[in-house]
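S.K.: Sequence:
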Amino acid sequence: NFMQDNEQINSYRKNTVIDVYAVSNGRYEGSYYLPPLNEKKADQFLVYNQVLIAAYENKIVIYDLPQ
37 NFMQDNEQIN
47 SYRKNTVIDV
57 YAVSNGRYEG
67 SYYLPPLNEK
77 KADQFLVYNQ
87 VLIAAYENKI
97 VIYDLPQ
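Counting in the numbering used here, the sequence shown tops out at residue 103, every number present.
In short, the hints are calculated from the structure, not lab data.
Check each hint, because a few of them may be wrong.
As the list claims (entries may be wrong) - Computed cross-link-like contacts, DSS-like style, restricted to lysine-lysine with a CA-CA straight-line distance of at most 25 Å:
{"no.": "1", "residue 1": "LYS50", "residue 2": "LYS77"}
{"no.": "2", "residue 1": "LYS77", "residue 2": "LYS95"}
{"no.": "3", "residue 1": "LYS50", "residue 2": "LYS76"}
{"no.": "4", "residue 1": "LYS95", "residue 2": "LYS50"}
{"no.": "5", "residue 1": "LYS95", "residue 2": "LYS76"}
To be verified - For each label pair, taking beta carbons as the anchor points, the in silico distance ranges come out as:
{"no.": "6", "residue 1": "GLU93", "residue 2": "ARG63", "range": "32 to 40 Å"}
{"no.": "7", "residue 1": "GLN103", "residue 2": "ILE45", "range": "25 to 33 Å"}
{"no.": "8", "residue 1": "ARG63", "residue 2": "ASN85", "range": "20 to 28 Å"}
{"no.": "9", "residue 1": "PRO102", "residue 2": "GLY62", "range": "30 to 38 Å"}
{"no.": "10", "residue 1": "ASN94", "residue 2": "ASN61", "range": "32 to 40 Å"}
{"no.": "11", "residue 1": "ASN85", "residue 2": "SER60", "range": "15 to 23 Å"}
{"no.": "12", "residue 1": "ASN94", "residue 2": "GLU65", "range": "28 to 36 Å"}
{"no.": "13", "residue 1": "VAL87", "residue 2": "VAL59", "range": "14 to 22 Å"}
{"no.": "14", "residue 1": "ARG49", "residue 2": "TYR99", "range": "15 to 23 Å"}
{"no.": "15", "residue 1": "GLY62", "residue 2": "LYS95", "range": "20 to 28 Å"}
{"no.": "16", "residue 1": "GLY62", "residue 2": "GLN86", "range": "35 to 43 Å"}
{"no.": "17", "residue 1": "ALA91", "residue 2": "ASN61", "range": "23 to 31 Å"}
{"no.": "18", "residue 1": "LEU82", "residue 2": "GLY62", "range": "15 to 23 Å"}
Idealized CB from N, CA, C, for every residue including glycine.
Please construct the entire structure, taking both the sequences and the accompanying hints into account.
M.R.: This is the structure in structure tokens:
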């Protein structure tokens, strides 16, 4: 994961950044920023249908993804 020129350095360092690419052609589609929880970054994540499930140190957070 590489920081884009237009990304703020602090935002990039504080958040877990997930870059999204199209499977069909490898084109970059955008990025999701997962905020820290109790000053900890997400350890793992899983995308299922339109839901992103993020695992933090001792919590699980579920995010609805845009269609």
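S.K.: For each hint, tell me whether it holds in the structure or not.
M.R.: Tested hints:
1. Using a Cα cut-off of 25 Å, the hinted pair LYS50 and LYS77 holds, with the two alpha carbons roughly 7 Å apart.
2. For the suggested pair LYS77 and LYS95, the alpha carbons sit about 11 Å apart, so the restraint of at most 25 Å is met.
3. Proposed proximity of LYS50 and LYS76 is supported: the alpha carbons are some 9 Å apart, at most 25 Å.
4. A threshold of 25 Å between alpha carbons decides the hint, and for LYS95 with LYS50 the separation of about 18 Å falls inside it, so the pair holds.
5. Proposed proximity of LYS95 and LYS76 is supported: the alpha carbons are some 11 Å apart, at most 25 Å.
6. Distance hint check for GLU93 and ARG63: the Cβ-Cβ separation is about 34 Å, which falls inside the suggested range of 32 to 40 Å.
7. Distance hint check: the CB atoms of GLN103 and ILE45 are about 31 Å apart, consistent with the given range 25 to 33 Å.
8. The given range of 20 to 28 Å is respected by ARG63 and ASN85, whose C-beta atoms sit roughly 21 Å from each other.
9. Taken as a hint, the range 30 to 38 Å is violated for the pair PRO102 and GLY62, whose Cβ atoms sit roughly 21 Å apart.
10. At about 39 Å, the beta-carbon gap between ASN94 and ASN61 stays in the expected band of 32 to 40 Å.
11. At about 18 Å, the beta-carbon gap between ASN85 and SER60 stays in the expected band of 15 to 23 Å.
12. Checked against the given bound of 28 to 36 Å, the beta carbons of ASN94 and GLU65, roughly 31 Å apart, stay inside it.
13. Judged by the Cβ atoms, the range 14 to 22 Å given for VAL87 and VAL59 holds: they are separated by roughly 18 Å.
14. Taken as a hint, the range 15 to 23 Å holds for the pair ARG49 and TYR99, whose Cβ atoms sit roughly 20 Å apart.
15. Between GLY62 and LYS95 the CB atoms are about 33 Å apart, so this pair departs from the stated range of 20 to 28 Å.
16. Look at GLY62 against GLN86: about 22 Å separates their beta carbons, and that is not inside 35 to 43 Å.
17. For ALA91 and ASN61, the hinted distance range of 23 to 31 Å is satisfied, since their beta carbons lie about 30 Å from each other.
18. Checked against the given bound of 15 to 23 Å, the beta carbons of LEU82 and GLY62, roughly 21 Å apart, stay inside it.
The structure fails hints 9, 15 and 16 (numbered hints given earlier, in ascending order).
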